[in-house]
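Participant: As a plain string of letters, each chain reads:
There are 2 protein chains.
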Amino acid sequence: MDFSSKLLENAVNEVSRLPGIGKRTALRLVLHLLRQPKEHTGYLATALTTLRNDVKICEKCHNISDTVLCDICQSPKRNTEIICVVEDIRDVMAIENTAQFKGLYHVLGGKISPIEGIGPQNLHIDSLVKKVQSGEVKELIFALSSTIEGDTTNFYIYKQIEKYNVTTSTIARGISVGDELEYADEITLGRSIVNRIPFSQSLKA
Amino acid sequence: MDFSSKLLENAVNEVSRLPGIGKRTALRLVLHLLRQPKEHTGYLATALTTLRNDVKICEKCHNISDTVLCDICQSPKRNTEIICVVEDIRDVMAIENTAQFKGLYHVLGGKISPIEGIGPQNLHIDSLVKKVQSGEVKELIFALSSTIEGDTTNFYIYKQIEKYNVTTSTIARGISVGDELEYADEITLGRSIVNRIPFSQSLKA
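Here the protein sequences line up with chains A and B, keeping their order. Heads up: the first sequence begins at 1 in the working numbering, then just goes up one per residue. Heads up: the second sequence begins at 1001 in the working numbering, then just goes up one per residue.
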């Protein structure tokens, strides 16, 4: 692209470094900012730099937090004996939105993925094993995405903790509520039949 | 969305004010920045604020520029007698990329659009009429998009300048180079037949 302004070119280059944003989209976003009052750009820049410089990672669950311990870990209302193991903070938000889980979380920060060079040492697995070792955890719920990497990570953690007295479970896989059976993939449909639940139990959810 | 961090929530809200970026995409972008070194966020924020605070609008053509007059208006190589009228800076960049135009530009800053509340007084039309009045312009090329708003804007400007001694032209509409005729819309195909050009002329382009 042939920019008439070095400042514009520089801004477009920086914005287009964000994932999924190409040069054209970056230019559209930057030109939008130029049409808005100057304060808008100031607010945006301050929000991003303040977040990047001041945000903390919860010492206990590795969730993003403004304080040393996150709100969930600090809450006296949560059941500290059940820990839900998730990949990243978006999963915490998704599960919190359901309002169906009252335990604590443990954010791994990713999944084991040899292709991307992510091994167990790059994830928060040691601190999870220590929590289990301490005996204060009764149940671990694996809520990683159902991919090879997710399954590998689940299995790796399972092997580390199976010698301790802790129940492990994984979230149910099945047909989405409201989905037509004919459009479901075979593996999901198959699992939903193998792992069928008593009808009386389905009435409670 | 239920954020565990006010800083994160604030950053996501600011990013999602950009056009075409929803909360989920904003969260994805912000989490990406958190995984990158702190400097990346700093570069991005600085590039945006510097642009917003320091960028200038060329006094002559209203293009975005780092200086009082933009590079194109300053260039001694450009033909100052031909002015291409465009909607915004992206059109300037698109035409410059073709390397087929050696005149100057005039950026209107939009199109007349009563629905969006944009009238002639909101656009840089007066300064264009003054340029024509001064007698230094021989030809105006209308290069606005071919919509009702674009046609209205073209016609409004045409009415303002028709009493002066200036040639007006509009960019050719027709089938895109490389496109199949069968997929072209009727209006474009119709116009391309009405405005056909001598075959010998097509060999030169």
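Bear in mind the hints are in silico, worked out from the structure with no lab data behind them. Model, not experiment: these values are computed from the prediction. Treat the hints with caution; some may be incorrect.
Calculated cross-link-like contacts (lysine-lysine; reagent style DSBU-like; alpha-carbon spacing at most 30 Å) [unchecked claim]:
hint	chain 1	residue 1	chain 2	residue 2
1	B	Lys-1102	A	Lys-38
2	A	Lys-60	B	Lys-1006
3	A	Lys-60	B	Lys-1102
4	B	Lys-1006	A	Lys-6
5	B	Lys-1060	B	Lys-1023
6	B	Lys-1006	A	Lys-56
Participant: Run the structure past the numbered hints and jot down the numbers of the failing ones, going up.
Facilitator: Numbers 1, 3, 4, 5 - these are the hints that the structure violates, sorted from lowest upward.
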